[in-house]
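Colleague: If you count by mature numbering (1 follows the signal peptide of the UniProt record, and there is no 0), then the sequence shown holds residues -23 to -1, 1 to 131, one letter each, in order.
Don't read these hints as lab results, they were simulated from the structure.
It is possible that part of the hints are untrue.
Capping the alpha-carbon separation at 20 Å, the derived lysine to aspartate or glutamate pairs in EDC-like fashion look like this [stated by the list, open to error]:
1) K91 / D39
2) K91 / D22
3) K91 / D60
4) K114 / D124
5) K114 / E77
6) K114 / D68
7) K114 / D55
8) K99 / D35
9) K91 / E74
10) K99 / E121
11) K91 / D113
12) K99 / D68
13) K114 / D60
14) K99 / D39
15) K91 / D68
16) K91 / D17
17) K99 / D124
18) K91 / E38
19) K99 / E38
20) K91 / E119
21) K99 / E50
22) K91 / D55
23) K91 / E107
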Amino acid sequence: MTRVFSKFSGLLLAMALAAPAAAQEAQTTPEDPVVLGSIDANLNDFLWHKRPLVIFADSAEDPRFLQQMQYIEARLDDLAGRDVVVLIDTDPASGSELREALRPRGFMLALISKDGTVILRKPSPWSVREISRTIDKQPLREQEIRDRRAAGQG
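Please take these sequences and the hints and turn them into a complete structure.
Modeller: Structure follows, in structure tokens:
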């Protein structure tokens, strides 16, 4: 497990360092990072611009957390194409705003639509394919696809 954890340590460090600035620029930067830490994250910052995928665990060494991060890392482009921003919180003692709002117990993933509605809560890891299907079934995403086709962007 240490080998797997060390694989993600660089990713986790980058997320922790990028979180405050990236959350602040969520509405203006076209090349936003897909994965952020939860430091100072406020779900309202992403309203109508991004779909937050919030990953909670009681520890960064939780096997379910590590598996979920492997799924995400393998298909970041699929999430970015759906305007997803991944917020992670592996510190239950932090009392973060995300924990207050979503009240996880142990590992949990929550997908939030652009309008702020929680559309998915799962107590176990989900593949990016399953997450993408859930997003693609949402009315706002269907409208985005129709608009993109009408504009000739595929």
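Colleague: All the hints need checking, so say for each whether the structure fits it.
Modeller: Cross-check of the supplied hints:
no. : hint        : verdict
1   : K91 / D39   : 28 Å, violated
2   : K91 / D22   : 11 Å, holds
3   : K91 / D60   : 9 Å, holds
4   : K114 / D124 : 15 Å, holds
5   : K114 / E77  : 28 Å, violated
6   : K114 / D68  : 32 Å, violated
7   : K114 / D55  : 15 Å, holds
8   : K99 / D35   : 15 Å, holds
9   : K91 / E74   : 18 Å, holds
10  : K99 / E121  : 25 Å, violated
11  : K91 / D113  : 13 Å, holds
12  : K99 / D68   : 18 Å, holds
13  : K114 / D60  : 15 Å, holds
14  : K99 / D39   : 15 Å, holds
15  : K91 / D68   : 25 Å, violated
16  : K91 / D17   : 19 Å, holds
17  : K99 / D124  : 30 Å, violated
18  : K91 / E38   : 30 Å, violated
19  : K99 / E38   : 19 Å, holds
20  : K91 / E119  : 13 Å, holds
21  : K99 / E50   : 19 Å, holds
22  : K91 / D55   : 17 Å, holds
23  : K91 / E107  : 18 Å, holds
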